[in-house]
Amino acid sequence: MEDELSGYRGPARELLLRAGARVGDEVELALSDGGSISGTLMPRYEHADDSHVTLKLGNGYNIGISVSRISEIRISRRRAPQPSPEPAPARAQPGRGEVLVLGTGGTIASRIDYRTGAVTPVFRPEDLYSRVPGLYEIARLDTELLFNVLSENMTPDHWSALAERVGRAAAKGYRGIVVTHGTDTMHYTAAALSFALEGLPVPVILVGAQRSSDRPSSDAYTNLKGAVAAAARGDFSGVYVAMHRSLSDLEIAIHRGVRVRKNHTSRRDAFQSINSGPAAVVDLRTMEVKKLEELPPRSDPGSLRVKPRFDRRAFLLKYFPGMDGSIVDALVDAGYRALILEGTGLGHVGRQLQGSIARAIEEGVFVGMTSQCIWGSVRMTVYETGRDLLRLGVVPLGDMLSEVALVKAMWLLGQGAGPEDMRSLMPSNLRGEISERRRIVA
Amino acid sequence: MSSGQLDYASLGLKVGIELHRQLDVGGKLFCGCSARREEGPGSFRRFLVPSESELGDVDPAALFEAARGLEFEYVYGDESSCLVEADEEPPHDVNRRALEAALTVALMLGSRVVDEVHVMRKIVIDGSNTAGFQRTMLVAVGGTLNVGGREVGVQTITLEEDAARNLGSEGRVKRYGLDRLGIPLIEVSLAPIEVRSSPQEVVEVAAALGRLLKSTGLVARGIGTVRQDLNISIRGSGIVEVKGVQELPLIAKIVEFEARRLSWLLQVAAELSRRGVKPESATGEILDVTDVLSRAGEGIVRRALGKGARALAFAARGYRGLLGSEPHEGVRVGRDLASIANAFGLGGVIHSDELPGYGIDEGLLRELRARVGAGEGDAVVIALGDAEVVRRALEAMAARLRDIVSGPPAETRAPTPDGRTRYMRPRPGSARMYPETDLLPIPIDDSTLERLRRNLPPPWDEQVSSLASRYGLSRKLADELLDSERYGLFLEAVEMGVRPSVAASLVVETLVSLRREGLDVDSLSDEHLRQLFRAIASGRLAKEAAPDVLREMASGRARSVDEAAGALGLSALSDRELLAIVDEVIGRNSRLIAERGERALGPLMGEVMSRVRGRADGAKVNELVRRRLEEALRRQS
Ligand SMILES: [Zn+2]
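Here the protein sequences come in this chain order: W and R. Residues in the first sequence are numbered consecutively from 1, following my numbering. Residues in the second sequence are numbered consecutively from 1001, following my numbering.
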């Protein structure tokens, strides 16, 4: 909705409405305690209070003036008519670029209007080339904004749509596909694509930014370059996440989509490969893509099979001391078909849950065990608790990350897997999500 | 123009002061880190990717550097930096004590405090801020500073983050220390004052503002905690911003230098206009002249070309004789061209006013003039190096020469230690600011202002009086002490047991007189002075030896007090050694004592002191000589 008084509520909005002022107007505010102050009327932050008016002064600073102090608002100059908003990003012109960049939300690149403080996302190839130095030299891009949702609002339906779109692009002969994504749930989406795209012939690289693209220090630009380089030049296929390897802008780590986890709220090296090192690394000085692990090679598009359906009736439950069985009962009653437990240590939950777990398994619900330790594998034969749970039919899921196990369960259910399929496929390694060996040096 | 006195009033000289001072309120502005200086040990590297609109009309050299992909290395220590300084975590809520310090200053200056403070991001692309911007907020506008009857207007009071400490650069890597990044800084911008008779007026205004800030007891003191930006203009000139002047006495020299430089540029502009030069056509096309100069004789030109450099040049219309003229020491158009060359990483620039020379003879110069189309009254500007770099540098120089045609250009300059200025970059465009979206606006409520107003610090004079009476100091000494950057050290010295008058005169008078001798007093660290005070307090060193010891250290000959004392042979005498000297002098002067009685004390003291100066405390010597003299007199009677 276009709002001429964006962000203003309550008394501030009423005052401005009465004066007929609009955001962008140059105004002079007469103050009740004498004097006046002039500036440009600015939009108000959504979460700021409703009793101040925001002005940008001639020196560039914004200040807030209390509504109670304003005796009159004089409009000295109307806001200049706004240039018509930038046209929506052009659809990709298939077959021309080498790498397809699919947008799902968040802002991978932006421009700032210092007059208004507005941050405008940019996404068209020509804008990206001019905004990201060195990008043009790596690969020709096609771009397409698939949807625009915050990462926390992603659902399995978005995974399905994304998998279908990526599948079509991979079949079309792109060298690689880059998916820009908010970081919060990027590792869930990476896992989802890993399962949904069987026999991927090319690399599919998810990329985001921990530090907003409206700051010159943003990791968005270097991450994007690394992702595009991996998509265009990596001699491997599969689904990966490209993010900073350290606090320095020197290397972009390429993590396997089923091995990666966001482990920090804000650092640019928040994403880490768990129970293995990164699959590859991009040197930002040379833009060379170096493999660090044995990875599936690029292959024929004919081998690709897209299986995009997910069934939401899977639940991830983190155990804590004292949790009782009623929550498990409630989940079973609500119709969930798979329950991924995030147990303690080697894969344990308190004895008080055993009754409810036994009942769930009897009713055909798959119950799998992962560990809340994040690093390491579950091993349920070591302690009596683990052995009891095994006897009840709880399936140990090795060193699979709990989030990956959840996504895998949704995907298997979506493929129509019954209780027996679940019991055999969940602990089997399909996309590299489970490994037999954990190195001494991670 | 002569080097004589300038008539400032008729020049229309105006100077505005922006004073930046660190606040000492515990912690940084947006995180809980220590504001203490700290080296290493960790480091990380970054690039900055400013959007092209951020560079827009900024400085071509900075644009060029950014395009080259400058790399920044940030060095951090564990106490002074956290993820906020690394720009790896959103800023915490603003440091309330810092905000209240700024509000206190605003109230003292009668400024109007804004109802709601908005934190802004000001784009800075030289790497001195990890984020690529500096956080800054406007706290108050208006107000008045009284300076000896003169009312100086206050424009704005802002609170902002200090930048990272520049640790130098190596090739394309610039190094910064994160310990200084984020320390709260208060900035007070004063309206320009008209200089009536002497640049000293500007120093007085800056000093008065400095005292007002110090009187809050909330500002940091010491080297690097304060800097002044000066906005200088004369009638007919643009406004020149001289950035980062650290010492007050330098201000007068810089203002005088700028007044001379600007009036020279006015004369240059008048002369160019007399010669019929127009701004847009003042410079010719930039051409490659490597083939001409490859025939240069032995010299830097030939050596550079021999190493593969290219030579490019352009004609500067009507500039003949005006690039090399130096009507006052350091005031020379060619000098600023050299600064531009340096900004682009070139060793320098050659212009025709210095030719023949550098292996370029008359004949070659004529060929050069013909090649770039330079007429009789024109100058030629030449630079050597990588063709692309040289082209960009010459473009920047040509732009500056075109600007000068219309009068002294607005620009940013840096102070030099000898009180001159050096060209830095063209006019600073309007600050590129946008809201810090990680923080909500901060309302300033009336009850906070009321509380601060009730607790304003006592006026300066009152503080001086109470300091004078508390420590038994003269008013003058107390005043200078309270104003001193090393006031904190005085308090430490007194704590150690040094007599207040001794500590005060060392901190104030001794250091000032050493500075007058031309010694680098700023090289004396607080730790040096602490060592000195400890040595005096423990009796290891006599206070009389302090100036010599400080001189030894300030000149770089000694690295510590012990080393200096050793080199000067100043290890303090033991009581026994001292007594032996006193007895020896008294024994030798028995006739004098017999003749003069008690009045022999003066000459005896003189003789003893001449032998033990610096190795024994004068008061102690006095007491000993007096006692031994009395005993001698008793024996004689
Ligand atoms: Zn910090």
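Derived from the structure by calculation, the hints contain no laboratory data. In this text, a Cβ means the ideal position worked out from N, Cα and C, and glycines have one as well. Take these hints with a grain of salt, some might be off.
[Stated by the list, open to error] To spell it out: a stretch of chain R is covered by chain W in this simulated footprint if at least three of its residues, at any positions, have a beta carbon under 8 Å from a beta carbon of chain W; those stretches are:
1) 1133-1142
2) 1288-1301
3) 1371-1380
4) 1436-1449
Within 8 Å of chain W (C-beta), three or more residues of the stretch 1371-1380 of chain R: That given contact is violated, which follows from only 0 residues of the stretch 1371-1380 of chain R lying within Cβ reach (below 8 Å) of chain W.
8 Å C-beta criterion, at least three residues: is the stretch 1436-1449 of chain R covered by chain W: holds (count 4)
Verdict on chain W covering the stretch 1133-1142 of chain R, where coverage means 3 or more residues with a C-beta closer than 8 Å: holds (count 5)
Coverage criterion applied to the stretch 1288-1301 of chain R (partner chain W; beta-carbon cut 8 Å; 3 residues): violated (count 0)
Hints 2, 3 from the list above are not met by this structure, while the remaining hints are.
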